[in-house]
Each structure stands twice: as C-alpha cells, then as structure tokens.
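So the protein lines, in turn, are chains A and B. 120 is the number that my numbering gives the last residue of the first sequence; the numbers go up by one with no jumps. 113 is the number that my numbering gives the last residue of the second sequence; the numbers go up by one with no jumps.
The set of hints was computed from the structure by calculation and includes no laboratory data. Every value quoted in this text rests on a predicted model; they were computed, and no experiment measured them. Do not rely on the hints blindly, as some may be mistaken.
Result set (DSS-like, lysine-lysine): computed pairs, CA atoms no more than 27 Å apart in a straight line [what the hints assert, rightly or not]:
#1 Lys41/A - Lys22/B
#2 Lys64/A - Lys14/A
#3 Lys22/B - Lys69/B
#4 Lys22/B - Lys77/B
#5 Lys64/A - Lys100/B
#6 Lys41/A - Lys14/A
#7 Lys66/A - Lys14/A
#8 Lys100/B - Lys41/A
#9 Lys66/A - Lys100/B
#10 Lys41/A - Lys64/A
#11 Lys100/B - Lys55/A
#12 Lys41/A - Lys20/A
#13 Lys20/A - Lys100/B
#14 Lys41/A - Lys66/A
#15 Lys58/B - Lys22/B
#16 Lys77/B - Lys41/A
Some but not every residue of chain A turned toward chain B, in silico, with C-beta under 7 Å [unchecked claim]:
#17 Thr32
#18 Leu44
#19 Pro113
Heads up, the beta-carbon is just placed ideally off N, CA and C, and yes, glycines get one too.
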Amino acid sequence: GAVVSQHPSRVICKSGTSVKIECRSLDFQATTMFWYRQFPKQSLMLMATSNEGSKATYEQGVEKDKFLINHASLTLSTLTVTSAHPEDSSFYICSARDLGFGTGGTDTQYFGPGTRLTVL
Amino acid sequence: AQSVAQPEDQVNVAEGNPLTVKCTYSVSGNPYLFWYVQYPNRGLQFLLKYITGDNLVKGSYGFEAEFNKSQTSFHLKKPSALVSDSALYFCAVRAPGFQKLVFGTGTRLLVSP
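Excised from the complex, chain A in its bound form:
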C-alpha cells in the first residue's frame, strides 16, 4: 500500500522558536496533502489542505501566519510552526491523497506516523 513518512517523529523546542515538520509520500505523487492536529483522547482536527504549487487552504480558526504550509513538490509538504508556544504542543499528523494512478488503488488518504511536538 501507499506509504507516507513524517519527520521528525518527536521534537522538543523552546518557546519562541520555529519548528518544521516534513511529510512525504514515498511511492506515489500527491497533489493534495492534509495537516491535522490531534489532542489527547480526541479525534483529528483538520488544520489545512495543502495543494502542490498553490497556497494552502486553512480551516476556520487556524492561523495561517503561525502554521506555514509549503507544498513545493508532488511528494513533499512541510508544516512550520512559527514562534511556538506551549499551547502549540500537540500531535501533528499529515496525510496524502492517493488518486490511485501509481498504486492501483482508488482515491484514498494515507497518513503519516505523526509528530509529537512539545514546546517548553
């Protein structure tokens, strides 16, 4: 099946610093990727939809200047948490939409393993 990687898996940073998280589709091209945030014992909250070569679409209430998304290639999207604060500590998960052309499947989102961000 389609594989999505995410790096780093865990990051601890000081308040005020910026953190970049990478999401890669390893065996398929993804024109669309998604970034989610998950709080303990809760469901996934969609933050933004990342489209290759264009600006990301942010969900209501998500600060686009704080959560910078870049989707520069068909296999890579990055999320940068700028000036991170303790309230940004969370589990961030990306997904990539596989339209099935390369993997023989049909339109399915595949998820990365997640990144645990802790801001001190």
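Once you have looked at the hints, place chain B on chain A.
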C-alpha cells in the same frame, strides 16, 4: 454538511469473539466511507473503504465493514478478535466532489485475553 457518529467511546470484547464497531454518517449524495485504526503515538492506518459496488467490504487484518444505505451505517466487523486489535478506530466520510475527510470521534477497542 457531512458528519460521522461513532456512538461508543469504547468497545470491550474477549479474544476470539466477534467484534463490531459502529458508525453512522450523514452526507449529501453517495458517500465515500473509510475506516482507519490508530495505535498509541502513531498515525492512522488505512483499513478499508467503500466507494461503490458490494455493500460488504473486506479490508486489512481480517476486518470488514457493511455499507447500509437505508440505515446510513458503515459498521466495522471482525469474526474473531485478537488482543493485538486493541486500538483506536476512526470512521470517516467524504462527500462526492469534496477532498476533506470528516472523522468520527473514534472508538477505543479493547480485546481482553
């Protein structure tokens, strides 16, 4: 608007017994339905999906789900549960023409030895 309901926060089942994790949905048009499983501190793993065709869909690890249009349900099932099936299960729906998945709140499955 699309929505998904997973009415049970937790399902407990003994190893070897059949399991069912419930999911109902609301969407305009024909739904695309998905089940994902999440292990602790991990991302979501795709289990199975329904797009069209047979109402009974078979997926990974022996799981299956039945699409019931009249009841707007897509319950996840497995004939014989394993302790290793213990995890958090998410049902999701996507409406035709939309990219976003809408997730349920998740159901924790606990399989006891």
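Here is what the structure says about each hint:
This hinted pair checks out: lysine 41/A and lysine 22/B have alpha carbons roughly 18 Å apart, not beyond 27 Å. Distance restraint check for lysine 64/A and lysine 14/A: the Cα-Cα separation of roughly 21 Å lies within the 27 Å cut-off, and the hinted pair is therefore satisfied. Restraint check for lysine 22/B and lysine 69/B: the C-alpha separation of about 14 Å stays at or below 27 Å, so the hint holds. Proposed proximity of lysine 22/B and lysine 77/B is supported: the alpha carbons are some 9 Å apart, at most 27 Å.
With a CA separation close to 18 Å, the supplied pair lysine 64/A and lysine 100/B stays within the 27 Å bound. A distance of roughly 25 Å separates the Cα atoms of lysine 41/A and lysine 14/A; the hinted pair therefore holds under the 27 Å criterion. About 16 Å separates the Cα atoms of lysine 66/A and lysine 14/A, which keeps this hinted pair within 27 Å; it holds. Of the pairs offered as hints, the one joining lysine 100/B and lysine 41/A holds, with about 22 Å between alpha carbons and a cut-off of 27 Å not exceeded.
Restraint check for lysine 66/A and lysine 100/B: satisfied, since their Cα atoms lie roughly 22 Å apart, inside the 27 Å limit. For the suggested pair lysine 41/A and lysine 64/A, the alpha carbons sit about 25 Å apart, so the restraint of at most 27 Å is met. Of the supplied pair hints, the one linking lysine 100/B and lysine 55/A holds, its CA atoms being roughly 16 Å apart against a limit of 27 Å. The hinted pair formed by lysine 41/A and lysine 20/A meets the criterion: a straight-line CA distance of about 24 Å does not exceed 27 Å.
With a C-alpha separation of about 23 Å, the suggested pairing of lysine 20/A with lysine 100/B holds against the 27 Å cut-off. A distance of roughly 24 Å separates the Cα atoms of lysine 41/A and lysine 66/A; the hinted pair therefore holds under the 27 Å criterion. For the hint linking lysine 58/B to lysine 22/B, the alpha-carbon distance of about 16 Å falls within 27 Å, and the restraint holds. For the proposed pair lysine 77/B and lysine 41/A, the alpha carbon gap of about 23 Å is at most 27 Å, so the pair holds.
With its C-beta approaching chain B no nearer than about 6 Å, threonine 32/A sits inside the 7 Å limit, and its interface hint holds. Here the hint on leucine 44/A is kept, as its CB sits about 5 Å from the closest CB of chain B, short of 7 Å. The criterion of a C-beta within 7 Å of any C-beta in chain B is met by proline 113/A, whose closest approach is roughly 4 Å, and the hint holds.
When held up to the earlier numbered hints, the structure conflicts with none and fits them all.
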